[in-house]
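A.B. asks: What follows is the residue order along each chain.
Protein chains: 2
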Amino acid sequence: MQITKEQIEQAHERVKPFIHQTPVLTSTFINSIAGAELFFKCENFQKIGAFKIRGGMNAVLTLPKDQLANGIATHSSGNHAQAIAYAAREVGTKAFIVMPNTSPKVKVDAVKGYGADIIFCEPNQQARENALQEIVDRTGAAFIHPYNDERVITGQATCAKELLEKIPALDAIFAPVGGGGLLSGTALSAHYFSTATKVYAGEPEGAADAVLSFKSGQIETAPYINTIADGLLTKLGDKTFPIIQQYVTDIFTVSEDEIISSLQLVYERMKIIVEPSCVVPLAALLKNQEQFAGKRVGIILSGGNVDLKKFAEWFG
Amino acid sequence: MQITKEQIEQAHERVKPFIHQTPVLTSTFINSIAGAELFFKCENFQKIGAFKIRGGMNAVLTLPKDQLANGIATHSSGNHAQAIAYAAREVGTKAFIVMPNTSPKVKVDAVKGYGADIIFCEPNQQARENALQEIVDRTGAAFIHPYNDERVITGQATCAKELLEKIPALDAIFAPVGGGGLLSGTALSAHYFSTATKVYAGEPEGAADAVLSFKSGQIETAPYINTIADGLLTKLGDKTFPIIQQYVTDIFTVSEDEIISSLQLVYERMKIIVEPSCVVPLAALLKNQEQFAGKRVGIILSGGNVDLKKFAEWFG
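Going line by line, the protein sequences match chains A and B. For the first sequence, this note's numbering begins at 106 and goes up steadily by one. For the second sequence, this note's numbering begins at 106 and goes up steadily by one.
Chain A extracted, bound-state conformation:
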């Protein structure tokens, strides 16, 4: 059953008290090199440093009270882990987060900082699913998937809704695509709240499952994985893919060099910290700028949680 306009509106009201209405920034310099008017929706300034709190918070707030009492569980080593940990704390329940035992300390510490229980597992899909199932069986906690979940998609949709309320009549919105939670939500919001606004995605060449899936019409796996955009490694889910197929206009891929150039552009010209995953849509726009000449384009900067030690790798 398709997510409705009313469900997105209700989700927005539901999560508003718990999230920031993030600013929309512009850069004269970046406009001049893009040849278009760009509006950056800065989810790097969001609670937990990423848009993921929208979906996580919406999912947690829609759980029945008795289910909530058992806690919530997920598997993630990234921003969704922090989102669930934060959301659980906000509503006064427990969070159980399954993380690979190879997770960087900085990410583990962030999740611990919100008071969540961490369950370490071997860094593979089977170990992760087993660990999660064991926790759910033992505690009765409610599982909230990082993206393949209508409550999560509906929550992520509030980001583009907010952008369109502030900057109406956009010709296009660009979002990154990993599992497709943000992209499918963005596409739904554009469809419902600004019908003429087309939605595009940027994807790393080194994690190009979505563009393949988009072309073949079925969920594909990336031919190879090699990208610094570590938030975009997952493949589409059976709930996100159909929405993307129906409402997204195109998906563009970009190289690692293009990602690093865009990262440098945002750091140097906008003076804000964003994740590599986050500039993939900007890189995609710049690569295809003749299509968007003179247009008004929204770009969702999805998050800003970076390990400062990586800077040497990117800019050294």
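It should be emphasised that the hints constitute simulated quantities derived from the structure, not laboratory data. Mixed in with the good hints there might be a few duds.
The list makes no distinction among identical chains, and a pair is therefore deemed to hold if it is satisfied within one copy or across any two copies.
[Said to hold, decoys possible] The calculated BS3-like cross-link candidates involving lysine-lysine, where the alpha carbons are at most 25 Å apart (straight line), are:
1) Lys320 <-> Lys303
2) Lys271 <-> Lys415
3) Lys210 <-> Lys415
4) Lys217 <-> Lys271
5) Lys320 <-> Lys340
6) Lys415 <-> Lys212
7) Lys212 <-> Lys199
8) Lys414 <-> Lys199
9) Lys344 <-> Lys271
Values in this document were obtained by computation on a predicted structure and should not be read as measured data.
Position chain B against the provided structure of chain A, taking the given hints into account.
C.D. replies: What follows is chain B alone, placed relative to chain A:
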């Protein structure tokens, strides 16, 4: 003759069309570790990426038309160079910038990008002064000193004025101190526009001339220079020092480790790019936080022009 309240008000009206009214940001996390309520005035988002445009623009806009026709000149390898280059372009005259031949390419390119003429000199005081004098003699350009100039001080004062208009009744404002242009301007604005607001400065231990001067009552030279806060290497001038002596409450020094910790805090928690010089006041506040427990404190984040290649050095 002392800079008056009316002069600062006029300067503000004069520069307003050319500058950004920069945002004031807060961070719940940084407040919690500081034990105070902090308000960050984000001049890293200012035109040319630093507060220096305020003073440069004010000086240029107060020049008589006939003098302006000959162009403007200065010596600087930093943000003042960009400020003068930008201001000259805005008013349609030439800028002549004397820079040491050791200046990083990124800074040279930024100044060139605004269309200024660059005159390279050997990296010492005498060569710099000779080169500047030669240019002024040859072109009749008006010299605008980076800080030891009333027009510049008055322009820099508009930053604290703007902060106090947005966030009234601050108990204190912290600014960095190099040559003292920003600090003396900040102190004047606090004095005129919010009498109860005390002004403090942060200075690197490795460029500790201002704190020595403040204590001895005469302009001193730093015992040694060793700091990543490369915007704060200059010593006080005979126009900035008396204002600082009269209106600044205290100057605190901080170590290099303290500067890097504060830099990391701002990058990770506020998700914004700032210069090392810029976090010296935050480091100073955190080091002396018992004095400011529960207070409302403004902190001027002076700029965001960094060489991304330095990240490896700071965070590696």
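A.B. asks: Need the list of violated hint numbers for this structure, in ascending order.
C.D. replies: Checked against the structure, the hints that fail are numbers 2, 4, 8, 9, while the rest are satisfied.
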